[in-house]
Amino acid sequence: QQPVQSPQAVILREGEDAVINCSSSKALYSVHWYRQKHGEAPVFLMILLKGGEQKGHDKISASFNEKKQQSSLYLTASQLSYSGTYFCGTGGINDYKLSFGAGTTVTVRA
Amino acid sequence: EAQVTQNPRYLITVTGKKLTVTCSQNMNHEYMSWYRQDPGLGLRQIYYSMNVEVTDKGDVPEGYKVSRKEKRNFPLILESPSPNQTSLYFCASSFSGDRPEQFFGPGTRLTVL
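From first to last, the protein sequence lines are chains A and B.
Residue numbers for the first sequence follow the numbering used here, so the first one is 586 and each next one is one higher.
Residue numbers for the second sequence follow the numbering used here, so the first one is 8 and each next one is one higher.
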C-alpha cells in the first residue's frame, strides 16, 4: 500500500518555506525521504525511525508522528537547489520492503 | 568509486522477447532492490533481496523475475515483456540494519512495442 503524499506540487520563491506530508494506512517503523532531480536517480535525504528523533539535513528537516502514521518534510528558507521531486518511502517493522509515495514536485524560483 | 551500475541504460524491444537488465554494486551491500517509476505513480518496488539467495516480492512483482547468486549482482528478468512494462527502472542497494540509505543506479529506460 503506497503512502499518500500532499501536495502533489508546490511552487516557491527563494527564501520561502514549504511542508510536504506523507500519510500511511499501515503502522510504520520507518520513513525515508529522497529527492530526485529531473533526469537523475533519487538521492537519499534522511530516514526517521519509530521512537527516534526529528532529523535535519541543512535547512531540510522532518518529523515522524507514529500514532498518526504520518511524516512531514520541512523545507526552510528554500534555495534554488531544493527544486526536484520529493518522495517518502515507508517501511514496516521489516525495513526491507519499502513503499514510496507518488512524489511532490517542488519548484523554487528566483 | 562507489556506485550502482545498470545495463543497458536504454532498451527498445518487442512484446514477448525475453530480456535481462543487469545491476551491479561495488559497496558490499547486503540489500538490493528493483523499482519501476511511472508518471504519477512514483517509485514502486518490484523485488528486493536481503542477501545472496534471499529474495522477496515488492508491491508490483507480476511479470518479473530476479536472482541473487552473487552479492554484487541482482539482475531483473522479463521473460515475456508486454507494453505495460514500458517504464523507467531503477536498481538500488544499501547495507542492512537501522540506517539503510539506498544508493540508486542511473536507471534503465525500457520501451516494449
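The set of hints was computed from the structure by calculation and includes no laboratory data.
Glycine included, each C-beta is placed from N, C-alpha and C at the ideal position.
There's no promise every hint is true.
[Stated by the list, open to error] Here's a subset of chain B near chain A, in silico, CB distances under 7 Å, partners left out:
id	residue
1	L48
2	G49
3	Q52
4	V61
5	V67
6	E69
7	E108
8	F111
9	P113
Checked hints:
1. L48: holds, 6 Å
2. G49: Hint holds; B/G49 Cβ to chain A Cβ min 4 Å, cut 7 Å.
3. Q52: Holds: closest Cβ of chain A sits about 6 Å from B/Q52, inside 7 Å.
4. V61: violated, 10 Å
5. V67: Cβ of B/V67 sits 10 Å from chain A, so the hint is violated.
6. E69: violated, 16 Å
7. E108: Holds, because the Cβ-Cβ distance from B/E108 to chain A comes to roughly 4 Å (cut-off 7 Å).
8. F111: holds, 4 Å
9. P113: holds, 6 Å
Violated hints for the displayed structure, listed by number in ascending order: 4, 5 and 6.
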